[in-house]
Amino acid sequence: MSRREVLDSTADYPQQPGVVLIKVPKTLALLEQQLRALRKVVTSDTRIIAGAKARDIHTSTLELFEKVLGPTTTTLAWKKARLINCTFNEPQLADAPQTVSWKLEGTDWTIHNHANVFSRTGLDIGARFFMQHLPENLEGEIVDLGCGNGVIGLTLLDKTRRRKWCLSMNHRWRLLPAV
1 MSRREVLDST ADYPQQPGVV LIKVPKTLAL LEQQLRALRK VVTSDTRIIA GAKARDIHTS
61 TLELFEKVLG PTTTTLAWKK ARLINCTFNE PQLADAPQTV SWKLEGTDWT IHNHANVFSR
121 TGLDIGARFF MQHLPENLEG EIVDLGCGNG VIGLTLLDKT RRRKWCLSMN HRWRLLPAV
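The sequence shown begins at 1 in full-length UniProt numbering and counts up one residue at a time.
Treat the hints with care, since some could be wrong.
As the list claims (entries may be wrong) - Below, in silico cross-link-like pairs of lysine-lysine (PhoX-like), each with a Cα-Cα straight-line distance of 20 Å or less:
#1 LYS67 with LYS23
#2 LYS103 with LYS80
#3 LYS26 with LYS53
#4 LYS103 with LYS67
#5 LYS40 with LYS79
#6 LYS80 with LYS26
#7 LYS23 with LYS103
#8 LYS67 with LYS79
#9 LYS23 with LYS80
#10 LYS103 with LYS159
#11 LYS80 with LYS40
Please keep in mind that the hints were generated in silico from the structure rather than gathered at the bench.
Can you make the complete structure from the sequences, with help from the hints?
Right, here's the structure in full:
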């Protein structure tokens with residue numbers, strides 16, 4: 001029986017895979033991160049197949065595959081889905097940081113976001129509004145569900161100096177006691 005392994009988006013990929021199957025993510029930033037990671041382990045013999053709804057595969061998606069990995073073709077749409085086939089040929093590619101970093105205004109904090117964090121290049125309007133209206137004098141522990149980059153939990157920590165817990169969908173933060 002062959003070994004099957006499911007990897008998260010930031011895991012190290014196995015060397016020289018024979019076949020790579022990709023579900024094309026909604027964000028180009030995450031796709032680029034995944035393709036750059038693949039670039040380090042695939043060979044010209046690796047069969048690279050990606051799939052998505054036809055409406056989610058754009059010219060920019062195909063251009064990204066070509067830029068990072070090499071020649072790319074698509075199949076005709078079938079039942080509203082389409083496949084992308086790519087052949088690795090080591091195109092020239094400049095390095096890119098794995099995270100985007102930015103200063104959180106009004107603090108001395110630098111936030112570091114990976115590709116799939118919502119509003120990864122700055123504070124979104126909802127978080128900004130929420131941070132301005134956080135309750136005062138809270139008792140007990142605080143849970144920040146789906147905290148993403150953690151700015152709400154960090155703000156509460158700074159504001160109340162009480163014990164908090166941040167809970168996130170991020171595999172590295174499953175249930176992390178805030179400092």
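Hint-by-hint comparison with the structure:
no. : hint               : result
1   : LYS67 with LYS23   : holds (18 Å)
2   : LYS103 with LYS80  : violated (42 Å)
3   : LYS26 with LYS53   : holds (10 Å)
4   : LYS103 with LYS67  : violated (30 Å)
5   : LYS40 with LYS79   : violated (33 Å)
6   : LYS80 with LYS26   : holds (16 Å)
7   : LYS23 with LYS103  : violated (33 Å)
8   : LYS67 with LYS79   : violated (28 Å)
9   : LYS23 with LYS80   : holds (15 Å)
10  : LYS103 with LYS159 : holds (18 Å)
11  : LYS80 with LYS40   : violated (32 Å)
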